[in-house]
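Enquirer: Which chain is which? The protein sequence lines are A and B, in order.
Going by the numbering used here, the first sequence opens with residue 1, and the numbers climb by one from there.
Going by the numbering used here, the second sequence opens with residue 315, and the numbers climb by one from there.
Do not rely on the hints blindly, as some may be mistaken.
Partial list, computed: chain B residues near chain A (C-beta under 7 Å) [to be verified]: (1) F553; (2) N562; (3) E603.
Worth flagging that the hints you see were computed from the coordinates, not collected in a lab.
As the structure is a prediction and not an experimental result, all values here were calculated from the model.
Built from N, CA and C at the ideal position, the CB exists for glycine as well.
There are 2 protein chains.
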Amino acid sequence: MFYVGIDLGGTNIAVGLVDEGGKILADMSVPTMAERDYTEIVKDMAEVSKKVIEKAGVSVDDVAGVGIGCPGAIDNAGGICTYSNNLHMDKAQIAMEFRKHLDLPVNLENDANAAALGEYEINGNGVKSFVFITLGTGVGGGVVLDGKIYRGFNGVGAELGHMVIEQDGEMCSCGRRGCWEAYASVSALIRMTKESMEKNPGSLMHEEAEKEGKVSGMTAFVAAKKGDEAGKAVVEKYFEYIGVGLTNIVNIFQPEKIVIGGSISKEGDYLLKPVQKYVEEHDYNRYMEKAKIEIATLFGDAGIIGAALSAKER
Amino acid sequence: MFYVGIDLGGTNIAVGLVDEGGKILADMSVPTMAERDYTEIVKDMAEVSKKVIEKAGVSVDDVAGVGIGCPGAIDNAGGICTYSNNLHMDKAQIAMEFRKHLDLPVNLENDANAAALGEYEINGNGVKSFVFITLGTGVGGGVVLDGKIYRGFNGVGAELGHMVIEQDGEMCSCGRRGCWEAYASVSALIRMTKESMEKNPGSLMHEEAEKEGKVSGMTAFVAAKKGDEAGKAVVEKYFEYIGVGLTNIVNIFQPEKIVIGGSISKEGDYLLKPVQKYVEEHDYNRYMEKAKIEIATLFGDAGIIGAALSAKER
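Hey, can you work out the whole structure from these sequences and the hints?
Expert: Okay, structure coming up:
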């Protein structure tokens, strides 16, 4: 059997037809146009799904289900996006709407959970405890235990970006202060970069930002790699914040493997090595085998593959 | 069948014979005398176990196993206490030593994990996700998922007290700075009480400490209940710290139930209500059913019952 996997993002809807082993047979992407009513977005998702199934040369009868990874708070059992800031969704009946256009079983999943399942399937080596972290606009997390997505009793679990690491600290998008997301996301990195640029008018970061036309998540990294001291300090502090949250996750879950994805993960070893070192030095576990920390390999595909496999799991 | 449950503490060794349903049929307690070589302590545990089995009028042939809850880092598979600060243990072969004196299958468990299983059995109502927190000298935690203790891949998981809530904050016993334990334990409360007493020479806390002969975890509570403003401020800040960590746990696990034990939990509703309110206000989950937070009911018995049931689980 085959599964449709949909990665619903604020910018694009990415759809793929996936086999039982997690291989993408065909895919397609269309703009989300997130300002539309959600029923329009869902209709597009269904239409693109039909096209992808056709493109793969597969009969709809051989498609066992559809998995949708959606940002926000998901009522998995009900197939409802109860709230999504990026997509202006509020109690959106996504599964029900989808089936009006393509009548297949639908599993609606939080996007980070879906990506976690995708990374687990491809890079998890069947470990019993697996954590996926995305460092992007926000900090998302997904936990896969015994090969299944851990959602908590109400479906909203594994919001790993929303643990406070600095009581009364920076404001977070969730309304709390001091969440990991407010220190380890790209948005946080940009804030820290801007703060440092103000204090260091001679820093290379100014030049790099000018070249790029804006201060981005790259600015401090590029300057640091060229030897800029202020840039290095920003990047080092940022790594430390990533390390603090990862160490918390290690102490809580002692997962066999942690995989780091999201746009920042493209830094590869430049990010991974110092972060591994931080966790190694701060982990509560001094005597037993340690959690492995790796960089994601699937990037964009993790969302499609994981969503499809979440439909299989369901 | 029956199970022996042993709660090995820094002060006492508490032993009980427990039936399949978690009921204690007979029990006994002897001093640990923690400064002794661990082989001596283990010998006592075995001898007291024999006495408790006899006291319950049960044949050793009807005892299926022994569970031992031990503070520190536990190698569950090997039956080894790899390290315990309180008990001066270092790679202590507890299970092997025990069987020299009483040859029954032994399951060695972290003490907080064992207590979590005990509270789950009696107060868990079969929920699929359950978290137990002890607020004592340290902050211990245990996670029970699908009725089983969650240990992580290396057995050292669920160290919930060792998540940083204040980056670069107070020194923790584990070597990190800013762990939840350094803010929500009784030791932390005493530190905060002393700090406040220094700044508030007119506070009732001085009088209460004098009565008790020392500053204890009770000092600020007693003064606060008598209307002392400085005492109230200490207690409120302490509740806030408990709330921060609990909210993190809720956002990570979204467990159906959290039970709070340890000496401070004897404050009952005086502790529970403000802490519930804090979590309610800060929880990431705004739309789905919320985690229930309760006070433990078993107190000391949780360790014995949970240890016994961990032997059954194994």
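Enquirer: Holds or violated: is there a CB of chain A closer than 7 Å to the CB of B/N562?
Expert: holds, 4 Å
Enquirer: Is the interface hint satisfied for B/E603? The criterion is a beta-carbon contact with chain A at less than 7 Å.
Expert: holds, 5 Å
Enquirer: Does the nearest C-beta of chain A fall within a distance shorter than 7 Å of the C-beta of B/F553?
Expert: violated, 13 Å
Hint violations for this structure: number 1 only, all remaining hints satisfied.
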